[in-house]
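Just so you know, we're using my numbering here: the sequence shown kicks off at 1 and counts up by one.
Fair warning: there could be bad hints in the mix.
Stated by the list, open to error - Quick list of in silico lysine to aspartate or glutamate cross-link-like pairs, EDC-like style, CA-CA up to 16 Å:
(1) Lys707 to Glu606
(2) Lys250 to Glu263
(3) Lys46 to Glu719
(4) Lys707 to Glu604
(5) Lys476 to Glu333
(6) Lys353 to Glu187
(7) Lys540 to Asp507
(8) Lys246 to Glu349
(9) Lys177 to Asp324
(10) Lys595 to Glu639
(11) Lys246 to Glu263
(12) Lys595 to Asp631
(13) Lys250 to Asp182
(14) Lys250 to Glu349
These are calculated hints, taken from the structure and not from any lab test.
All figures in this text were calculated on a predicted structure; none of them were measured in a lab.
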Amino acid sequence: MHTNLVVLLINFKFVDHRDTGLEMDPKSLISSDSDQRPTNVPYIHKVGAPPKQDLFKEFKSTVKETFFSDDPLRPFKDQSRSRKFVLGLQAVFPILEWGRSYNLKKFRGDLIAGLTIASLCIPQDIGYSKLANVPPQYGLYSSFVPPLIYACMGSSRDIAIGPVAVVSLLLGTLLRKEYDPDKEKNEYLRLVFTATFFAGITQATLGVLRLGFLIDFLSHAAVVGFMAGAAITIALQQLKGFLGIKHFTKETDIVSVMKSVFESIHHGWNWQTIVIGASFLTFLLVAKYIGKKNKKLFWVPAIAPLISVILSTFFVYITHANHDGVAIVGPIEKRINPPSLDKIYFSGENLLKGIRIGAVAGMIALTVNFYLVKQSYNSQSYHVSLLHPRFFLHQEAVAIGRTFASMKDYQVDGNKEMVALGTMNVIGSMTSCYIATGSFSRSAVNYMAGCQTAVSNIVMSFVVFLTVKFLTPLFKYTPNAILAAIIISAVIGLIDFDAAILIWKIDKLDFVACMGAFLGVVFKSVETGLLIAVAISFAKILLQVTRPRTAILGKIPMTSVYRNIGQYPEATKVPGVLIVRVDSAIYFSNSNYTKERILRWLTEEEENLKATYQRRIEYLIVEMSPVTDIDTSGIHAFEELHRSLQKKDIQNRIDPKRDVQGKTSKNGKLRNTRRNPSSEQYAIVHGKKYVDLQLVLANPGQAVLDKLYASGFPDLIGENKIFLTVADAVHTCSPKMVDEV
């Protein structure tokens, strides 16, 4: 009996005071005195002003997290001066670190891997040099010096360095607009070295300043489209050599190329060339299929290009097919890389051209190669999906090294990689090389061949050196059709229909970016497609920043959890309370939209409630946990939101013959029966009912809370209107209604 009496007294004491016409102070629920708090009311944690942050420490922390998140100076802590010097050398030249433990067993694996990738790179380099519109020996030069530099400075054990198709095509396309490679060979070649020099400067600068995150602004979908378009463009350019056409368009768009092909069908095609090209293209595709089906036979597609070159060259030599119209490579200069520092433009208008072209090509060399991850995995049967989050995060050439590093459980520093890539291109430009970067097709073969360290690059460079020094005359009779077949077989895998379909399923806007870049490359030019890819990527970023997502939250039954009612249909709204979540930082670019969107949510909700004679909104709770930061414009928007709620005075327009509960009175007046729980907060103005809305914030982060208190915003709305969780806010604002949900 005593227990029942106590329960009765507690229920009487803590009944909703709004039902009795009394106003309840929300602070009464925030009391920290647990002895005075009833057992059926949850503890409400008070959110006060955060501890003051030291400005210098905060700035230092921000800079460290932005540019030095990996803490590169950690190994130098508590070390002697001599030890720091050694660690510094090892940081710049990792070969000094792992070279101490190098042994004959590791060299055996590196030797086999180096010989294998050399057999693949030699024919590819000769073919890629044609894409860049430079003589064949310059493609070979680019697989001699840059790999040596990278072996000393790179942190990846598996990456293989050399020219790649997409960068070669981009470089050749951009340079052709400045000089004709056939009529102005010397000026064209000098601009190649100038562009390579500044491509290296761009890459090294990004690494030194730790600005590699800038590469991430080109979206995955845009790169998928760009790579597919570039693959088609590269393949179309090979039709000249594949069909034996002598007079071919210099344009790269599909309309011009196909027009040139069909105009030459009666007098320009050479049937011997077509037979040679088609036969060996079939051989290369079959070899690639074999390697894909059985990864133990990885060496088959790796050595197939060299076998094709040897057999086709021997065939043309003994049959004198070159006299019957079969185009051949011709003489290749037999000497090692000549110095080219004196050929780089350091003044005049060509300097600006070299900077512009080099910066673009250098960025693309860092950016597009991440897409090759899946292609090489598929070709070697790795069964790794491109859409793994790792590949979304690392949209740069160093993703190649990071991918293999994860397989062998070692770390690759992306910024160090960019410094290494940039340095090798700067030195390469001084030794007659054009832009080189990480090739995933060769890197995959390098990995499968059992490479242990970057010495495999040194072995490959040595083989290329021997080739350039002694064997280049043997390539004189190599038919151009074979080089075309090698390039076509190499780039055909860049067209990823599965990735495009998946992008369509996931995000339609991403698919627009993908197709925009693809169509721009195919129907206009490589640089146009690149501009479209960049433009759409930035447009998507701007759209997401300026138009952040918002959601209405409801209470999950039998819990104190509040979630998006669109995602969780079973979640129910709390009467008299509108909970809005903002899923973005609030800056000047989106603050006005955020304020207006919240007010639209409020208006829409009030219209729905008015139509169904339900309780009007009294509290607007803004869930702030996804809001990672806010600026002065964002705070000003919240101040305007608060003032708008004060002025809004939402009218409770109901039939005058209905009471608050919707019951009709006989005399047409509101009956003085059980009133709406919030009726005491209404004011009668000219016979109509109004309610003042109150703004409440839930779970603002430290950065947001610091700025709110610095601006005095809590004083404007009241410190008791800021809560740790949405549940705390709802329990305080509407304790009775939340129990009914």
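Here's how the hints hold up against the structure:
Pair hint Lys707 plus Glu606 does not hold up; C-alpha atoms about 31 Å apart against a cutoff of 16 Å. Proposed proximity of Lys250 and Glu263 is supported: the alpha carbons are some 14 Å apart, at most 16 Å. Using a Cα cut-off of 16 Å, the hinted pair Lys46 and Glu719 holds, with the two alpha carbons roughly 9 Å apart. As the CA atoms of Lys707 and Glu604 are separated by approximately 31 Å, the hinted pair breaks the 16 Å bound.
As the CA atoms of Lys476 and Glu333 are separated by approximately 10 Å, the hinted pair is consistent with the 16 Å bound. For the proposed pair Lys353 and Glu187, the alpha carbon gap of about 12 Å is at most 16 Å, so the pair holds. Annotation: proposed proximity of Lys540 to Asp507 holds, straight-line Cα distance about 11 Å (limit 16 Å). A C-alpha spacing of about 33 Å is found between Lys246 and Glu349, which places the hinted pair above 16 Å, so the restraint is violated.
The hinted pair formed by Lys177 and Asp324 fails the criterion: a straight-line CA distance of about 33 Å is larger than 16 Å. Taken as a hint, the Lys595 and Glu639 pair is honoured in the structure, with Cα atoms around 10 Å apart against an allowance of 16 Å. For the given pair, Lys246 sits about 12 Å from Glu263 by alpha-carbon distance, which is consistent with the 16 Å threshold. Of the supplied pair hints, the one linking Lys595 and Asp631 holds, its CA atoms being roughly 14 Å apart against a limit of 16 Å.
Pair hint Lys250 plus Asp182 holds up; C-alpha atoms about 11 Å apart against a cutoff of 16 Å. Our distance criterion of 16 Å between C-alpha atoms is broken by Lys250 and Glu349, whose separation comes to about 24 Å.
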